[in-house]
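2 protein chains.
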Amino acid sequence: MKFTCPKDELVQAVQIVSKAVSSKPQMPILSGIYLNATNNTLELQATDYEIGITCKIDAQIDEPGAIVLSGRYFQEVTRRLPGENVEIISNRADQTVKISSNTAEFNLLSLPANEFPTVQQLTGNITFQIRDNIFRDLIKKTVFACSTDEARPVFTGCLLEVNNSDVVMVATNTHRLSIKREILDDFTGNIKIIIPSKILNELTKIMISEIPSNVTVNCSYNQISFAFDNVYITSRLIEGQFPDYQRVIPPEFNTKIKINTHAFQSAVDRVSLISRAGDYNIIQLIFTENKVVITSNNPDIGKAEESVPVSIEGPEIDIAFNAKYVTDILKNIESEIFYFSLNKSLTPANIKPSDDDTYNYIVTPVRTNS
Amino acid sequence: MKFTCPKDELVQAVQIVSKAVSSKPQMPILSGIYLNATNNTLELQATDYEIGITCKIDAQIDEPGAIVLSGRYFQEVTRRLPGENVEIISNRADQTVKISSNTAEFNLLSLPANEFPTVQQLTGNITFQIRDNIFRDLIKKTVFACSTDEARPVFTGCLLEVNNSDVVMVATNTHRLSIKREILDDFTGNIKIIIPSKILNELTKIMISEIPSNVTVNCSYNQISFAFDNVYITSRLIEGQFPDYQRVIPPEFNTKIKINTHAFQSAVDRVSLISRAGDYNIIQLIFTENKVVITSNNPDIGKAEESVPVSIEGPEIDIAFNAKYVTDILKNIESEIFYFSLNKSLTPANIKPSDDDTYNYIVTPVRTNS
Chain Z
385 MKFTCPKDEL VQAVQIVSKA VSSKPQMPIL SGIYLNATNN TLELQATDYE
435 IGITCKIDAQ IDEPGAIVLS GRYFQEVTRR LPGENVEIIS NRADQTVKIS
485 SNTAEFNLLS LPANEFPTVQ QLTGNITFQI RDNIFRDLIK KTVFACSTDE
535 ARPVFTGCLL EVNNSDVVMV ATNTHRLSIK REILDDFTGN IKIIIPSKIL
585 NELTKIMISE IPSNVTVNCS YNQISFAFDN VYITSRLIEG QFPDYQRVIP
635 PEFNTKIKIN THAFQSAVDR VSLISRAGDY NIIQLIFTEN KVVITSNNPD
685 IGKAEESVPV SIEGPEIDIA FNAKYVTDIL KNIESEIFYF SLNKSLTPAN
735 IKPSDDDTYN YIVTPVRTNS
Chain E
385 MKFTCPKDEL VQAVQIVSKA VSSKPQMPIL SGIYLNATNN TLELQATDYE
435 IGITCKIDAQ IDEPGAIVLS GRYFQEVTRR LPGENVEIIS NRADQTVKIS
485 SNTAEFNLLS LPANEFPTVQ QLTGNITFQI RDNIFRDLIK KTVFACSTDE
535 ARPVFTGCLL EVNNSDVVMV ATNTHRLSIK REILDDFTGN IKIIIPSKIL
585 NELTKIMISE IPSNVTVNCS YNQISFAFDN VYITSRLIEG QFPDYQRVIP
635 PEFNTKIKIN THAFQSAVDR VSLISRAGDY NIIQLIFTEN KVVITSNNPD
685 IGKAEESVPV SIEGPEIDIA FNAKYVTDIL KNIESEIFYF SLNKSLTPAN
735 IKPSDDDTYN YIVTPVRTNS
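Protein chains in written order, with the numbering used here: chain Z, 385 to 754; chain E, 385 to 754.
For the record, the hints were derived by calculation from the structure and aren't laboratory data.
Be careful, since some hints might not be right.
Note: identical chains are not told apart, hence a pair may lie in one copy or across any two.
20 angstroms max Cα-Cα, derived SDA-like pairs, lysine to any residue [as the list claims (entries may be wrong)]: (1) Lys715 / Pro466; (2) Lys482 / Asn517; (3) Lys482 / Asp550; (4) Lys391 / Val538; (5) Lys687 / Asn475; (6) Lys708 / Ala477; (7) Lys675 / Ser484; (8) Lys440 / Ile622; (9) Lys482 / Asn681; (10) Lys640 / Ile441; (11) Lys640 / Tyr664; (12) Lys687 / Gln459; (13) Lys728 / Thr480; (14) Lys582 / Arg536; (15) Lys687 / Arg456; (16) Lys642 / Asn517; (17) Lys408 / Ala661; (18) Lys640 / Ser484.
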């Protein structure tokens, strides 16, 4: 194998596929990045069996071939190469790969390419296209609400439900639920799958093109693939039944409150300085006619109190929440004003931006002794 | 106690004294910051018995008094206060302190001020003044060479030696030695003390005024104090005999090499990517007529090689070093060119900037099998 390619493109491709290199690989070969040089294209691959990522870049191929290099060292070496171009030559005799750029030359030990479980093209029977900026927004506004508890796998992923052109993404850890809806340009069919939060988080880091482009999504019963630009990603899906999230959404609310997002978020951030050290990070919200008083209390540290102006429709109410479940959603609300809708002190509440009916967040209050 | 002060000044003062709050305090009171409000001045103090820091700011004192607050929470709370001013009132009845700023109000539990071991003014018999920028430079160019091994305390600090107007700071971990000399404006006397690296590192973070100002240094046989701006710092000194560093400096060198600092540093950084994973981080340097070839080798990863042009006077030489001991000094050399002076493959070498005869670094090579 022998090829030359621009350093910056190689570095970017290595960085993308590195996200599928496991830090604790099941087998030594999975700690590697697979390089395949053919037809003026260099293909890079990495997989941890759950996720597989392929990235292609243009290269001048002088001798086709395939090789596997340590993901960690290949990434560190390429990132620091001094030149504009990189030449990579494999030496079959001593099983090394020479990486040269300007005055620098590295000879890295290689692993046999034929042992690498290459990423297979998924040929599921459902395919649709979605704009990457819309897809990123669906992910960003829901994935934070997932659980990290692997004992209940369905909650560690986001539900993606498509009914013809309506697409909705939903995540919950059973204490809070985040729902974001969008419209697909052109799709007829039904999809209901649970995508692992891990690959969704990685996607938001990889899909960062400034010009919106299309992502082609393909699903089988237990796998999903995403294709965009020069990148192809596959992931397993989570099996199991996602709970009926529609049932969790209260049909109506007694008290509707209008609040300045930034003012409320800053106040909750400050007040929760005191509660954060405790086990449950509980803040108390006392909504009255024209303000909400936010308090927290930790017998070992002290108390905090802050008030924010609100406008309220309906009865006054006292309610308590895990502060993190409130700030997590506020970080994702871009509108200046948001609505907080409540029934009773122990029934689920709703938080949503004032300017976006497609985004909804349900959060369960906590019981306090006071 | 009751006072009001500008938030930003309070935050800065808290941040400065926090550097003396131990993360693992010997006694609960040492986890606190001591506040003393008298005569339109708020004094803050913290100490871990090794270091003591005092910082004073102007405040409007309505009721004098002293109190101790949790260092961690007082710092976190003040940093996030929403207003321009802060009002602090102690409540003797429930032993809390009310911190108010704009709409936010915190009530932190307090600790009894009379239990706090307040920082005492040092009255040693030696005093001198030094410009803070000169002092910072002395520290920065030597302190990195200290050892972190507490088993041999003298090597965990920097030697400060003053002979009339000549001041020199020296640090070594026995494998490398860094020496920086300066001239004091006005001092007659002799000082030879070992200052702990910890307080020197903290000083470089606190002495950050943009306008050069004087630091007043006072020493007793086992303590030192630094006074500048509104800050007063005391520290213990390290007892013991610092080795005779003059004896370590070779009187002459057979081979003198002139190298571009940035080019050499970048090359060593890259080559040591391979050696860094090993126990000793060894790079080999082969100096020939017009270049140095830098190589490293790790049987588990591979090899690296890079060459940098040099001009050489004297015999060619092969030599090996711990790469970190080379890059550490290069980071502190500001001149475009540096001199590398060598005798034999196993005798100490010298590194120094081309434009500063007051800065010298001695590094011991390592023996390699090759």
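Against the structure, the hints come out as follows:
no.: 1; hint: Lys715 / Pro466; verdict: between (40 angstroms within a copy, 18 angstroms between copies)
no.: 2; hint: Lys482 / Asn517; verdict: neither (39 angstroms within a copy, 47 angstroms between copies)
no.: 3; hint: Lys482 / Asp550; verdict: neither (51 angstroms within a copy, 53 angstroms between copies)
no.: 4; hint: Lys391 / Val538; verdict: neither (41 angstroms within a copy, 47 angstroms between copies)
no.: 5; hint: Lys687 / Asn475; verdict: between (67 angstroms within a copy, 13 angstroms between copies)
no.: 6; hint: Lys708 / Ala477; verdict: neither (57 angstroms within a copy, 33 angstroms between copies)
no.: 7; hint: Lys675 / Ser484; verdict: between (66 angstroms within a copy, 18 angstroms between copies)
no.: 8; hint: Lys440 / Ile622; verdict: neither (28 angstroms within a copy, 59 angstroms between copies)
no.: 9; hint: Lys482 / Asn681; verdict: between (62 angstroms within a copy, 14 angstroms between copies)
no.: 10; hint: Lys640 / Ile441; verdict: neither (53 angstroms within a copy, 46 angstroms between copies)
no.: 11; hint: Lys640 / Tyr664; verdict: neither (26 angstroms within a copy, 65 angstroms between copies)
no.: 12; hint: Lys687 / Gln459; verdict: between (48 angstroms within a copy, 15 angstroms between copies)
no.: 13; hint: Lys728 / Thr480; verdict: neither (68 angstroms within a copy, 33 angstroms between copies)
no.: 14; hint: Lys582 / Arg536; verdict: within (15 angstroms within a copy, 47 angstroms between copies)
no.: 15; hint: Lys687 / Arg456; verdict: between (47 angstroms within a copy, 15 angstroms between copies)
no.: 16; hint: Lys642 / Asn517; verdict: neither (29 angstroms within a copy, 54 angstroms between copies)
no.: 17; hint: Lys408 / Ala661; verdict: between (32 angstroms within a copy, 17 angstroms between copies)
no.: 18; hint: Lys640 / Ser484; verdict: neither (65 angstroms within a copy, 30 angstroms between copies)
Consistency with the previously given hints fails for numbers 2, 3, 4, 6, 8, 10, 11, 13, 16 and 18, ordered from lowest to highest.
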